[in-house]
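Trainee: Please model the entire structure based on the sequences and the hints provided.
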Amino acid sequence: MIEYFFSLATIALIWTIVAQSYNLSFGLAGLFNLGHVIFFGIGAYAAAILNTRFGFNFLENLGLAALISGTVASGFGILTLRLRGHYLAIATLGAAMIAQVVALNWLELTRGPLGIRGIDEPQIFGEIFVGDTLPHFLLYFGIAATLLFFLWKLFQSPWGRLLRAIRDDELAAIAVGKNIFAAKLWALVLSAALAGVAGAMYAHYRVFLDPSIFALSEIILLILIVVIGGRGNFWGNVASAFLIVGVLSELPRFLNFPETLLGAARNIVYAGLLIATMFWRPRGIFCRRKK
Amino acid sequence: MNDLLAQLIWNGLVAGSLLALVSLGLTLIYGIAGFVQFAHGELVALGAYGMLIFHKFLGWEIFPAGVASVACVIFFGIFLEKILFRPVRKKNPLVPLVISIGLSILLQSLILIFFGPQIQTISDRHFESFSVAGKFLATPNQLCAVVAAVILTAGLIFFLKKTRRGQSLRAVSDNRNLAQIFGVNIDSAMRWIFGVSAGLAAVAGIFLGFERNLEPMMGVQISITAFAAVILGSLGSVRGAIFGALTIGFAENLLVGFGVIPSGFSSAIPFLVLIGILLVRPTGFFGKSSQFLRE
Amino acid sequence: MSDFLKISRLRKKFDGVHAVENLNFEVRKNSITGLIGPNGAGKTTVFNLITRFLKSDSGEIFFRGETLKNLPPRKIVDLGIARTFQQIRLWKNLTVRENLLLACSKKYDRWWDCFRRRNEADAERKIDEILEKFGITNLKKMHASDLSYGQSKLVELARTILTDAEILLLDEPAAGINPTLLKTIEKIIFDLKKSGKTLLVIEHNMPFLMKISDEIVAIDGGKFLCQGAPAVVQKNPKLLAAYLGDAREILKSEKC
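Protein chains in written order, with my numbering: chain H, 1 to 291; chain Y, 1001 to 1295; chain W, 2001 to 2256.
By construction, these hints were calculated from the structure, which means they are not laboratory data. Each statement offered as a hint is correct.
Below, simulated DMTMM-like cross-link-like pairs (lysine to aspartate or glutamate); rule was C-alpha separation at most 20 Å, straight line:
1) H/K153 x W/D2113
2) W/K2013 x W/E2060
3) Y/K1091 x Y/D1174
4) Y/K1090 x Y/D1187
5) W/K2092 x H/E170
6) W/K2106 x H/E170
7) W/K2140 x H/D168
8) Y/K1091 x H/D169
9) W/K2187 x W/E2132
10) Y/K1161 x Y/D1174
11) W/K2075 x H/E170
12) H/K153 x W/D2109
13) W/K2106 x H/D169
14) W/K2141 x H/D168
15) W/K2075 x H/D169
Predicted model, so just to flag it, every value in this text is computed and none were measured.
Mentor: What follows is the structure, given as structure tokens:
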């Protein structure tokens, strides 16, 4: 029973990091990126491959995953950041599909649908942290808290203010001399790097990885968390991530859906909630300002 | 002509024709409602799954089953417009976009739950492929698909250009406020567009279902391929959608057929085209290049 | 100094229509120059071209003798040219204070500055000063979306001034403004000139523009029409002919 709690909590922590990183690029900067899960997946696969084939350990992988995801994001951003709205959404969706196809077919790298097994559990100074135990949870909690603190500082900063302005009216930002491309690119890169770290954490927790991590439906969870929490609202997103991943996602399980259909049932809940939110509270549940 | 080339061209034509039906609907919705309908691929899937219900499960003959399936999807499309998209019509276009993303996932999941994750065939009958002019093979399904696509596309163009209703739709696409001033009923225009697009999508779905077999995720792949086609041909342009669809249909088949791209990665071709276009010429080949600020 | 801001053989085409064609004129330093012309004459396009929001097809723009060609729009602001917009562009989700802060400095604009100890006292002081000067100190904490039209206009003007630009391009500063507020804006503009700034002002409110301008440049159909002192330009027959084609303008100027 206690393992169930730790398992849920660990996943919730990981997703909170990913969601908050998405809150940085989509929420704060307004970059309508439908492919954010790519960065999570790249971080996870990077960690998995670096660990199983080259022996890199947990901490090294956290750093390397951030670096790799961030670098991919910078290339991606340079190519796509001049796209707007619909076009950016579609481009990122296309990229997400490509990532999925590559993960499934580039067998030498990812072993395709077989996935990668036997990833080491986190090992720090010789101590092995076994999943679903208190020490492991505390470790992950510590990492998450650090990352979230970093994100919080970013949200509070003048750079964060600049991103909000850019999201609101880009031309006005240019008209006061701001370098909006650099700001947006960094937003994308940082959010990708953080998602990458979360991915590495996920790989070392699950110890097994397969291409399903690139599934498109995962983005709906992220969009939902950010929309409900309020775009750019740090604490709102912490709350909504906890509520949705920690509580809501388990609803189908409690309703006794068969295991194979759990994913689909969850997606229905998320999608339905997203649509409802767009109707009634597009600015999020926690917004204070009404138009 | 080389036999392999002839076969690939035929396959490309079939793929392109069906893709055109899907792309036309998508581009029309963008032109009139101002957003990209992410769940459009699911309407294609519903056309196919509808056929599964009427023909396979209920045992109806192919033609009546097809008509029933298309009719259902048309009504569903109109229903969606009324319930989901009309209330948010006046808001920022990102809102219907996000709603359509949610809708897409919702429909996929519902299909998965009701029909199961396995691949299914629309019909247990086996259709013999026949040889055309001794050069390549075609199935009756493929032939009907191309013929249907040509007829429907011609019909649509005639409808848009020559009929009053069609012209009023084009007016709405051009300038919504102006059209309203001239008495065009926007609600009715939207209903027509969603209905027509859904119908075209369903027809494409039925032929695709015979061609390729059904699975719950088929909608997404089709959506993205259609996005590629529509963007290639410029969002909102009817001719562009046809051009884009045929181009991608041919590209998919020729590139894989001649070994340029390994067949495992064939599904990535539309995405690559998509990204390529967005990088080089995001407004497509049939539209104007965008300007920053205007007077 | 006649070579302060110089427009030289500027040309811009939109979808086959010449929005600006072979345009030449100059703006003198520390002057208030009005830019007039019937609707669609290309006035805002000129602003867009000067600020590089649009790229010209040919011709050049010189600021202090240096060409502005190939510069990205944000560098234009660095050089000292700032603008307002025809439809007010404030950041609705930010407060007035935040709107103004963003224009003040670029010192902490990088993400890694989030770890630095920041001193924004200077900027805060400048903001308080200008809010006081405009008489809108009470608006400081309000969200820009809650402002009235007139208040927004003042805030946008304040924001533009806070960029510390030498040349201010004002796009219809008097549009939709009540007479009381108009007096305030008039005073602000004269104060700007007194402090050494140069202004290029697009306006349709003729009495207002004639009152504040040292010089008027008139364009029509993207082409240069005439340039000179307000009294002279007002009587220019070509200009009147251009406006006769746009009866609304005549009516407006007769009303005031």
